[in-house]
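Residue numbers (our numbering), protein chains in the order written: chain U, 1 to 238; chain X, 239 to 476; chain W, 477 to 704; chain R, 705 to 932; chain H, 933 to 1160; chain S, 1161 to 1388; chain Z, 1389 to 1616; chain L, 1617 to 1844.
What the hints contain is simulated information worked out from the structure, not anything from laboratory work.
Accuracy of the hints is not assured; some may be wrong.
[To be verified] Lysine-lysine pairs mimicking DSBU-like chemistry, simulated, CA-CA at most 35 Å apart: (1) R:732 / R:902; (2) Z:1457 / Z:1591; (3) W:504 / X:270; (4) U:115 / U:16; (5) H:940 / H:1051; (6) W:498 / W:669; (7) W:484 / W:498; (8) W:669 / Z:1410; (9) U:205 / W:484; (10) X:286 / X:254; (11) H:1125 / X:286; (12) R:773 / R:902; (13) Z:1396 / Z:1450; (14) Z:1586 / H:1100; (15) R:872 / L:1644; (16) L:1735 / S:1372; (17) R:872 / U:38; (18) X:309 / W:504; (19) H:1012 / S:1372; (20) Z:1410 / L:1624.
The model shown is predicted, which means the values in this text are computed figures rather than measured ones.
The primary structure of each chain is shown beneath.
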Amino acid sequence: TSTKKPRTMTTVSAMKDGFANYTDYLNQFNDKRERVVKASRDITINSKKVIFQVHRISKSNREEVLEKAEKDLAAVTSQYISRLVKELQGTDFWRLRRAYSPGVQEYIEAATLYKFCKSGTLLDLAEINATLLPLSDPSLEPLQINVLDYLLGLADLTGELMRLAMGRISEGELEYAENICRFVRDIYRELTLVIPHMDENSEMKKKMDVMLQSVVKIETACFGVHPLIYKISLRRRA
Amino acid sequence: TSTKKPRTMTTVSAMKDGFANYTDYLNQFNDKRERVVKASRDITINSKKVIFQVHRISKSNREEVLEKAEKDLAAVTSQYISRLVKELQGTDFWRLRRAYSPGVQEYIEAATLYKFCKSGTLLDLAEINATLLPLSDPSLEPLQINVLDYLLGLADLTGELMRLAMGRISEGELEYAENICRFVRDIYRELTLVIPHMDENSEMKKKMDVMLQSVVKIETACFGVHPLIYKISLRRRA
Amino acid sequence: YSSSSVEKQFEGFRSTLEDSGKLRERIKAVAGEIESAARFMHSGLLLVHQSRPVPEVLERAKGQIEVLKGLYSNLAEILKECPGQYYRFHGEWRSETQTAVSLIVLLHWLETGDLLMHKETEAKLGLGSSEFGLDIEDYLTGVCFMSNELPRYVVNQVTAGDYDCPRKVLNFLTELHAAFRMLNLRNDLLRRKFDGMKYDLRKVEEVYYDVKIRGLTANGDPGVPRIV
Amino acid sequence: YSSSSVEKQFEGFRSTLEDSGKLRERIKAVAGEIESAARFMHSGLLLVHQSRPVPEVLERAKGQIEVLKGLYSNLAEILKECPGQYYRFHGEWRSETQTAVSLIVLLHWLETGDLLMHKETEAKLGLGSSEFGLDIEDYLTGVCFMSNELPRYVVNQVTAGDYDCPRKVLNFLTELHAAFRMLNLRNDLLRRKFDGMKYDLRKVEEVYYDVKIRGLTANGDPGVPRIV
Amino acid sequence: YSSSSVEKQFEGFRSTLEDSGKLRERIKAVAGEIESAARFMHSGLLLVHQSRPVPEVLERAKGQIEVLKGLYSNLAEILKECPGQYYRFHGEWRSETQTAVSLIVLLHWLETGDLLMHKETEAKLGLGSSEFGLDIEDYLTGVCFMSNELPRYVVNQVTAGDYDCPRKVLNFLTELHAAFRMLNLRNDLLRRKFDGMKYDLRKVEEVYYDVKIRGLTANGDPGVPRIV
Amino acid sequence: YSSSSVEKQFEGFRSTLEDSGKLRERIKAVAGEIESAARFMHSGLLLVHQSRPVPEVLERAKGQIEVLKGLYSNLAEILKECPGQYYRFHGEWRSETQTAVSLIVLLHWLETGDLLMHKETEAKLGLGSSEFGLDIEDYLTGVCFMSNELPRYVVNQVTAGDYDCPRKVLNFLTELHAAFRMLNLRNDLLRRKFDGMKYDLRKVEEVYYDVKIRGLTANGDPGVPRIV
Amino acid sequence: YSSSSVEKQFEGFRSTLEDSGKLRERIKAVAGEIESAARFMHSGLLLVHQSRPVPEVLERAKGQIEVLKGLYSNLAEILKECPGQYYRFHGEWRSETQTAVSLIVLLHWLETGDLLMHKETEAKLGLGSSEFGLDIEDYLTGVCFMSNELPRYVVNQVTAGDYDCPRKVLNFLTELHAAFRMLNLRNDLLRRKFDGMKYDLRKVEEVYYDVKIRGLTANGDPGVPRIV
Amino acid sequence: YSSSSVEKQFEGFRSTLEDSGKLRERIKAVAGEIESAARFMHSGLLLVHQSRPVPEVLERAKGQIEVLKGLYSNLAEILKECPGQYYRFHGEWRSETQTAVSLIVLLHWLETGDLLMHKETEAKLGLGSSEFGLDIEDYLTGVCFMSNELPRYVVNQVTAGDYDCPRKVLNFLTELHAAFRMLNLRNDLLRRKFDGMKYDLRKVEEVYYDVKIRGLTANGDPGVPRIV
Ligand SMILES: [Mn+2]
Ligand SMILES: [Mn+2]
């Protein structure tokens, strides 16, 4: 037993040392994950506020509503997205994707919705990533939102566009609604072609089902007011 | 409308004719499936009876129990498996696999259990298939049980062997139990290597989990009686 | 009892199963291509909802049929290596084929207003040889999928000004639904899909009702007074 | 709003995603080989439950470690093509790696009675370069899997006449369990696996209890009177 | 302690259990036929949605009632063999009977505009003897199923130009709904089905609204000004 | 179309449904009392595990049988009001009865070492009239529950020094198990309960061998009468 | 170690638990009566959908408010016996209260066109003492339920010729929806119910446009006072 | 109809809801700390399974009680801000408290062999003021959790040579189980936990049996002859 004991002792201490290292490592990493989750939540909440703001739009207040939305969106970028940028270096960018993805998706949703209302176009991923460049430490690899999160955010955008279309129809802006309808159909069609190439696309598949419902809702709404409401809206304009 | 009507008329009748064909086809096929399912059920019930008969084994009645089991098994083959043979021609063999697979698996279970008790060996698929040859019409492709069903049946065999081992231990036949234990371990080990190559192996995966439990149960039972019961059994024999 | 004979037997099983595993991999690869071609075709056909000129849309979609035909011929070639095992591997191309069928049948309906029958569909896909045919239940499931597209189509056609479309689609769907009811379906996917056809029918009925009650029928059905 | 710019943008996405899809396919292929090598190794190691001479069993299993090493080097090679994306594809080799770790750690324990540490395991797999290492949680999960084998091992060793085995395993597992308790685990797979280790511990305690209460300890522990 | 008495007792149990097993099988077989006859009848009745001449449709459907009657007489015959066990096997024919009731009640409503009473339904099915009657909850559930068909019927009738139909159906459904509300239903299937009747009512109200607001009522209800 | 007849019919339904609702409530109330009496009896019988003098324990438990008898007579009384509906309400007292049976059968076994037969159990509960009997499957399930108590009883009796108990219980359980195997069981719960009986058997076997090894049998504890 | 103190403690627990059990039973009984009174009130209020003269309908429904008030006073009385435990038992009357609130708020709206405030609702139910108030989330959920009735009301009112109703309801609902949007809702049920309100809003909008298109507004039905 | 009053009301709701949301967050934070302290204490107490000197183990664990006390005082402080809402937020600290109770009761039992009473537990946690006490059901659930540790403890103590332990634990558990049986538990978590105690009892009985049958009892219980 005298030869055995020392060996066991060192083994035990090796095990203890090893696990002490693992503990430190996991603690640090979990803390970082927590910070990223928190940042993501803040991004979500504040992006939702931007979306909410955009939905306030009506024929009369377009300019001011969009101006405020733009300001709010810029604040999300500079205050919250920047926190993400600081945390995500090296392999963490992909490792922590689940932790920040919901926030980034909501941010994409807000940014693309604002852009569509402002200029009627689809905000490109490259444009978004360009706005993020100044946030990064120039000495490090800059943070760039990945295609997957962009596409997932875009899928959610459709729901917001549906709400927007309903609002426009209520106010008689049928052409606007029809423009949204075309836009949404195009996005849906393009996504059907991209989806098989996405990593783990079950989330996206669910979103596509919801999306098709949104498209059909917009189309049905356009059908519902056509051509009767249209005349009313003309009468109103007159 | 005069040009349109005739076209529609023919179309409708084409549709009707087509669906009449589809109906016939599906009805015939469903009937065949029903017959196969029924045959499978009969095979299951009667194979279970064979298994039950084998479990009646004890030190005193080995010969007669196995003799009866052999007869029962032969009856299953000639009366029920032969019905399958008649139905399964061409692509139906694979098409109706789900319909007959439970029965065939149970049959494999019964045949291999009987064989193990009789001679302590694993009944080979080739041997089984050889016994099926005389059942087929010589002008047609003979029915041969496929590897997948054989392996699935073998996986179930383990549960029966567990019961067998428990019975043997109760009667003090420890060596017999240990022989079963070795046999079952080998089958388990070999199956772990075959399983990734099996078609749709989720059913097999579930069976493997159950199987491991059976192996551990046999081992624990051997542990539980060792070495104490062993002495008793020696005393008894004396 | 001897371990080694067990080992030898299992050795044989392993090699047999490995061979069919490789076959399956090749089949999967072709099925993946079929899926991709069908998706491409679907994406093109979706344009019919956007009031794009139908003939142009159809022309582009038809090109994909040729691609599909080539892929099915590849599939048939592989299956020749394992005669009689069509249904062993059927699951690998089943849902892809149902989708392909639904698109081809939809395209044909858009062109002619008629239902493309099973044999015709088989022919379009270059199938129908004795060994590798189009499973009838796959064909029927494809037809059900096709019916799912119709309510949306009707809504969009009316919006685009074709007020006679609901009536035509309703006749077609009613007929199709009645034909399906003749089938003695088991409690499986096809049955569930067919049950879903009822909702398509109801939805088209409602659109037709909406159109009629608003007096929008093309030729001014005299029974319904036009208001507004 | 212009359709064509949307189309162009998506064209770009598609080609980017197709590229990483191809990479993933290559990774999957290697992961499949790792799984197969690990399974082979597992099958060999299972023989320790059958009272086969341990050194012989271990020797054969060790051969597989070299195979695994080669496969992980292939994996590392592929990942060099996409720096920083280790965790994007991690899921593809995760469970395979956990299994491999569990086997290597078990083998080492059977040889030495010691726990193979993370760095050592990494080294055995030829990993540890800055870009492609062994994820610590995968290592820990592997260790939990390894612990699952021990109750069965103890039972079979005692049956084979090694009455001192329960004590040794109990000491090892107790130590290991205590070390794990230091970790601050999230509510995930590792946590669940660790929770399962408690049952291994309890089971080994019970075997030890059974052995002791029957007076079967090797060196005749004086505190327990031997009966029978 | 006499073992043979235990054995004898279990021998008795075996034959008792086998007998009731066989009885159940026979009951199931008849229930299957009832289901099939009801499905056939349903298929025929569906034609009322297609503006086919109602009397002809009804005539064909009525034929099935005779078939059903025969089957229920078979069922009653079987149940005579086990007096007092109606509710032991009730689950076997329950849902089939609810469907059958819904069809017979619908047919009667189409013919007369009245609700077929429980006693009358029993009579149509040849039931009502003291031993084998129509369970009241099954009758009520069948009536709920029947109400589910009405919204679709109303929509199709309006499309076909019968603008008075919504009013009639609305009156009928309102009355029926009010009658159901008198019952104090337990929290079971029947309760859920009745809760669903509310949606039928709402849908019919909406159709009636559509018709009225467009001044489409048959006899030009003077209360609603027609505008163009 | 006479609305008053509909109203009248539903008026009738209301009172019928209310009546059967009240009946069910009354049955439930009695079932609750049965449950409570059985719980009380169980609680008393549990003392056999604590080496309390058996006769005293049994005497107290027997008192509860009279209570149960009274309650079943109440139940039978209620069911007389609705002849032929035994199985309609069977679910309300089913599991309570199974528990009661298990206790009465256990008590009888403790007293005599014999299985209480179905007819005898019926008699003890005052049942057995043609209208209200003890369902055979309920009896069998109760017997299975009773068997679940035996392993614990054996362990505690041996601890208390009754070394002949395992043999007696083993004989009893083996016989019972063999008798059950004759049955072709359909019912899920009963089947599962019977499957569980084999674990009871295993456990009792283990204790029997334990005791035998130690030569602890034979020396005839005089306090326990040897039966068989 | 004194067993009697344990026994004494559990004796105490038994009586405490029994007391709170009885309390809960009494609360449940009152909650059941509230449910029944609310159901009765609901049934009466439903007549507003059938063009019955509103004042008469409301008068009858108001009677039930008094009944509810009495029941809530009973509830408050019971809760006085266990100060501080309002939220312990809250689940027992929660959904009943939400229904009651929805009806009272609807009734008030039918009478005045205004939203009944939280404090006012509390007062109508005789609540509002410091100990027993109306939970805010229950009030809000009730308001959501009330909004669900409005689309149907609007449809039926228009059918009955009240063309000004859609405008009034639309104004009311829009305002209400905007007010709700100010809240940062956490609660799942309330959140879902609020989300549902937007469908009510959409439906009412549709009716409003329908009516407007046909120029059916303005001609001021004198029977309905214009509010706002 | 004054919209501003609605707005004002909802403004009030918003602030009320936000306030209670914040309160809940603060409570959750403290509950998290309680959970963490209890986990730490548990980890220390586990050492009793490893034959470490008990007094030392207990001393360290006792330190954590003080930490827990501090945390409960924080909780009480927060709840003072919302009098009468203890049960509104009870769910937030419920399971954490049950764990804490189980540990404190276990520690006390290890020290004294007695059950720590409810009032004493409350005192140890610094609770017991009229406003913030220890819920009785939480205490009882904690006691059940504590009982779950005992079988393992007994096994390990016997292995370590303490043959008197099973008897002591068995007496304690039997007493406790009997005391629990006096309670009339509702069908909830506590009931299920108590049902589980039966298995602890059975396991301890089996260990006691093992020890006795082998004549291992410390003071050589004369009733069991030692054999070799
Ligand atoms: Mn959104
Ligand atoms: Mn089996």
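Quiz item: Looking back at the hints listed earlier, which ones does the structure fail to meet?
Solution: 4, 5, 8, 9, 10, 11, 13, 15, 16, 17, 18, 19, 20
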